[in-house]
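For reference, each letter of the sequence shown is one residue, going -18 to -1, 1 to 160 in mature numbering (1 follows the signal peptide of the UniProt record, and there is no 0).
Worth flagging that the hints you see were computed from the coordinates, not collected in a lab. Only a predicted model underlies this, so the values are computations on that prediction, with no experimental measurement involved. Be careful, since some hints might not be right.
[What the hints assert, rightly or not] With beta-carbon atoms standing in for the labels, derived distance ranges:
| hint | residue 1 | residue 2 | range |
| --- | --- | --- | --- |
| 1 | 142 | 50 | 41 to 51 Å |
| 2 | 32 | 90 | 29 to 39 Å |
| 3 | 132 | 32 | 37 to 47 Å |
| 4 | 132 | 75 | 31 to 41 Å |
| 5 | 144 | 32 | 49 to 59 Å |
| 6 | 125 | 50 | 37 to 47 Å |
All C-beta atoms, glycine included, are put in the ideal place defined by N, C-alpha and C.
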Amino acid sequence: MRKFIVILMSVIMMMSLAACTPTQPKMETTAPNPEVAASTGGASDKVPDPNVEPMEIISVYSKNDDGTGLNQAMDAVDKLTAEALVEKLVEYGVLEEGTTVVKYESKDGTGTLDLSKMPAKGVNDKISLTAIGNTFIENFSLDKLKVLVNGKNYSGEKVKQGDSDMMEYVKDYKKISS
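Please take these sequences and the hints and turn them into a complete structure.
Shown next, in the form of structure tokens:
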């Protein structure tokens, strides 16, 4: 029996020593994740640049794709002026390249816009006038607008304005009857 206990003790000792020996560490073969710049997502990420001048948000009306009404778009200009609005109307294709403001004045909610030219024949003048009118009336908070071309009343194919004709904001601008 003594022999049996010595053998049992030897086996237990060998097992305990074998279990305690250090094993070779496995080498990781996966590529490390690329470092991403940390963002707090807080207010510090959204601080405006103090060197940039603030922009004025404007509403610009332009002819829709099928030519039956207008689309409204939001845009920005450095400073809200008649010249800036005319530049945007040229950019959106309402007015022809080279159109300038001869004179603009407003008094008591009524504005007078004198342009150097209007779009050429073949363009629906009612849609063009409505786009100009809505753009100016909305951005300058006017009640009415008088559009002149080189100091004279506007006269197009379908629209002929007299001295007392004033434009008002058209609410149903998406569909304009010819």
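Now for the hints, and whether the structure bears them out:
| no. | hint | verdict |
| --- | --- | --- |
| 1 | 142 to 50: 41 to 51 Å | violated (22 Å) |
| 2 | 32 to 90: 29 to 39 Å | holds (38 Å) |
| 3 | 132 to 32: 37 to 47 Å | holds (43 Å) |
| 4 | 132 to 75: 31 to 41 Å | violated (22 Å) |
| 5 | 144 to 32: 49 to 59 Å | holds (51 Å) |
| 6 | 125 to 50: 37 to 47 Å | violated (27 Å) |
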